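J.: Taken in sequence, the protein lines are chains A and B. Counting from 184, one number per residue, gives the positions in the first sequence under our numbering. Counting from 184, one number per residue, gives the positions in the second sequence under our numbering.
By construction, these hints were calculated from the structure, which means they are not laboratory data. Keep in mind that the hints are not guaranteed to be accurate.
[Claimed, not checked] Non-contacting residues of chain A with respect to chain B, defined by C-beta distances greater than 10 Å in every case (computed):
hint: 1; residue: D187
hint: 2; residue: I246
hint: 3; residue: H261
hint: 4; residue: G304
hint: 5; residue: R331
hint: 6; residue: K418
hint: 7; residue: I477
hint: 8; residue: N481
hint: 9; residue: S503
hint: 10; residue: E552
hint: 11; residue: G583
hint: 12; residue: R604
hint: 13; residue: D608
hint: 14; residue: K635
[To be verified] Cβ pair distances, simulated, as ranges:
hint: 15; chain 1: B; residue 1: D608; chain 2: A; residue 2: G506; range: 36 to 42 Å
hint: 16; chain 1: B; residue 1: I480; chain 2: A; residue 2: E230; range: 51 to 57 Å
hint: 17; chain 1: A; residue 1: F450; chain 2: B; residue 2: G451; range: 46 to 52 Å
hint: 18; chain 1: A; residue 1: N556; chain 2: B; residue 2: K635; range: 53 to 59 Å
hint: 19; chain 1: A; residue 1: K412; chain 2: B; residue 2: A337; range: 53 to 59 Å
[To be verified] Derived DMTMM-like pairs: lysine to aspartate or glutamate, alpha-carbon spacing no greater than 20 Å straight-line:
hint: 20; chain 1: A; residue 1: K509; chain 2: B; residue 2: E429
hint: 21; chain 1: B; residue 1: K206; chain 2: A; residue 2: D561
hint: 22; chain 1: B; residue 1: K285; chain 2: A; residue 2: E528
The structure displayed is predicted, hence computed values, not measured ones. No residue lacks a Cβ here, since even glycine has one placed at the ideal position from N, Cα and C.
There are 2 protein chains.
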Amino acid sequence: MNLDNFFKAKSIAIIGVSRNPAKIGHVIFRNLLDGGFKGKVFPVNPELKSMFGIKAYKSVSDIKEKVELAVISIPAEHVLKVVRECNEKNIKDVLIITAGFKEVGNRVSENELKDYLELHGMRCMGVNCLGIVDFHHHVDLIFLPRSRLKRPEAGNISFVTQSGALGSAILDLCAVNGYKFSKFISYGNATIIDESDILEYLVKDKTTKVICLYLEGVKNGEKFFSTLKKIAKKKPVIVMKGGISEEGNTATISHTGALAGKSEVYFGIFKQTNVVVADSLEQMLYYASTFSNIGKINGNKVQIITNGGGYGVITADAVSAAGNLKLAAMNEKIKTKLKNDIDNELVSFANPLDLIGDADTERYKKAIEACINDNNIDAILLIILYQTPLITTDIIDVVGEFNRLKRKPILVVSTGGNFTRVLKDALNDEDVCTYEFPEHAVKALSAIVRYKRK
Amino acid sequence: MNLDNFFKAKSIAIIGVSRNPAKIGHVIFRNLLDGGFKGKVFPVNPELKSMFGIKAYKSVSDIKEKVELAVISIPAEHVLKVVRECNEKNIKDVLIITAGFKEVGNRVSENELKDYLELHGMRCMGVNCLGIVDFHHHVDLIFLPRSRLKRPEAGNISFVTQSGALGSAILDLCAVNGYKFSKFISYGNATIIDESDILEYLVKDKTTKVICLYLEGVKNGEKFFSTLKKIAKKKPVIVMKGGISEEGNTATISHTGALAGKSEVYFGIFKQTNVVVADSLEQMLYYASTFSNIGKINGNKVQIITNGGGYGVITADAVSAAGNLKLAAMNEKIKTKLKNDIDNELVSFANPLDLIGDADTERYKKAIEACINDNNIDAILLIILYQTPLITTDIIDVVGEFNRLKRKPILVVSTGGNFTRVLKDALNDEDVCTYEFPEHAVKALSAIVRYKRK
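The following block holds chain A by itself, in its conformation from the complex (with noise of 0.2 Å):
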């Protein structure tokens, strides 16, 4: 299916924009608008005359101009009567923000809206959605404000969630993290685009690397599979799966209107496709990180390089947990070599690799070249504990420098309070993987080297 017009649409006609800035229709004209939109923009509401001094249309009819995408936010009762006047004015594609259809028992009406998108051809995002957003042709649709919500810069990761609430959460919480985005997809009811469409259209995107999906059931379990085997080792999709206990389960009828279903059978499609499944949101968004900076690597052995020793060790602890990584054991000559360089008998170098507190710089800096350059370690597990005043801030560039070779995976963990934390920025800048702590670094690395892509 191609839903280009859902994000590269030059001209998109709002109906049911309204003055009043707790409406829905209002968040999302001026989202569209704040976001730098560079198409046309027709807000539509029988009472208006013009919006922001943009002149407005009683509906889509009265609109001369050729309109690509209507975004639909009105009660639920009068969506199908719009519904209709889009097709009669050739809109093909309508992203319907509106709740109120099964996900509250009316399946009736859900049913009714369903035929005739589906008779007249028309592709359709919701009911019930949050909205949609495509980073980098500044089409933003959602319906909730840019102050309580930050959106991320324009990168590589799209993400696909059946809930809008989650999906803002953790939207909101990747911007400040330094997330980067390409596209974010609240695709609610899936009256007629569901998961499987989006994925088949995002893994052929090209500013999609990395797929992130928040799933509760699918209507159609065979178009599901039949997809992910088709894209799964394509592009990595990474799959959270809310309601596999019963308890969660339930929850999910009253949230989208349709069980979960089986957890058994998703795990198993999971399995078999490749997916790559995370088991909590925190989990989620580290691997989506590390997927959409991290290409590919070599092999599964590991060298950790610390200034912390107890920060080794349960470096070495998660290593081992992960059941598909090896420490890596270095080669003798350049061990050797960097011994003398270093010159320092209170270092330990082994696997870990313990720079001790007074490392600097420099010290960091010969350790990761040695690393780098030695055919026998394929990743490097970089620990920084910035609370030691021999660390200047241009280790950032050091390690920026080294990422960029893509010579071999180099994630980084640093723990800590705000000065920690403008450092992290400052390595999310420049592309490196950072990590809060030692075992979700590891953890990424262990799902980068069990994804098999073809």
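Got chain A; can you put chain B on it based on the hints?
T.: Leaving out everything else, chain B in the frame of chain A:
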């Protein structure tokens, strides 16, 4: 063992003070002053006449007044000599920061030192440690600058760590997350005072409610076992064990000079003695803040309240996965009254109780109040996603009020960016337990229910 002088000393000598701000002795001296220490401070360095306007001494022998605690930060080869001087001056408590003993294979020196200390009944914290902080008595004796490592406010968590760097990173993170501390104790090689002595002291310490322990290995397993048996039911002891894998265990040798030992033995001891085991640093932290704020819980029946359906679903999943928690069934009368009060047909009056995306503070207030008064409910998992515009900031006051009643635990989950963080911090200031992800809140609650208090 009476460790009062390490935390409450009214007169402290800092041996090895230096004018060079990069030197440990300099930083410790400065931290003690900047930390607001109210007692007397005696800088000791043969080459200085004064430091920051405070008279310096050539050696402790030259100090005429009483000294209760000596902090030693000089090269390893001179430590024994200085310890002798301390003994002659009748200083029985020494904090030895100096590294370069058994952790680098220098067992002879450490044993010699140990023999002397034991022979003369001296108590020694360290060697090879980061130092100590008592946040209530303004005793700040760690050698990392306050500019790099923010100090938490005074509170009831005491953190005992074998690894200094690990401890410092965690302390820094805790400060920025609003955790409140009683004591920070880095005990390094445990030459005299070991983890058991410290635990025994902390269980009697009035300002300590929760004890966190990062542990690699213990020298005296029987002592450790019997100590835990005595104390772990009186106050929660949350342990994160490093070196549980062969790889991690090996790494501990070059760290604190001792093999961590068989982890099965440790976990056996923990299980028998009621220790709260944390499987990661992150988990240790959210366990700590939960035990710090929540005193008791009457049962295991949990009510979820949410404004995001998906968050309700995954929280229900987490409750089910916890094993020892149950979703509460609301009292029918209270539920009926709440339905009338809220009067919104899209709200789902179940568990999760889904207040939906347009919930305002008033709707939350009604829901929380109903749950507080419902005896079928033992704890409230309150999800507040601040991205939606109708939630006003006075929700902080509402939740704070209910929390102060101490009728039942309220755990608040909020995910998001800066706006969310500000409101989370405000709740923390009200001593409300907050979490970034639902899984953390649920696991913490599960640990509270599992913990048996004597």
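J.: Tell me the numbers of any earlier hints that the structure contravenes, in ascending order.
T.: Hint check: 5, 9, 12, 17, 21 fail, others pass.
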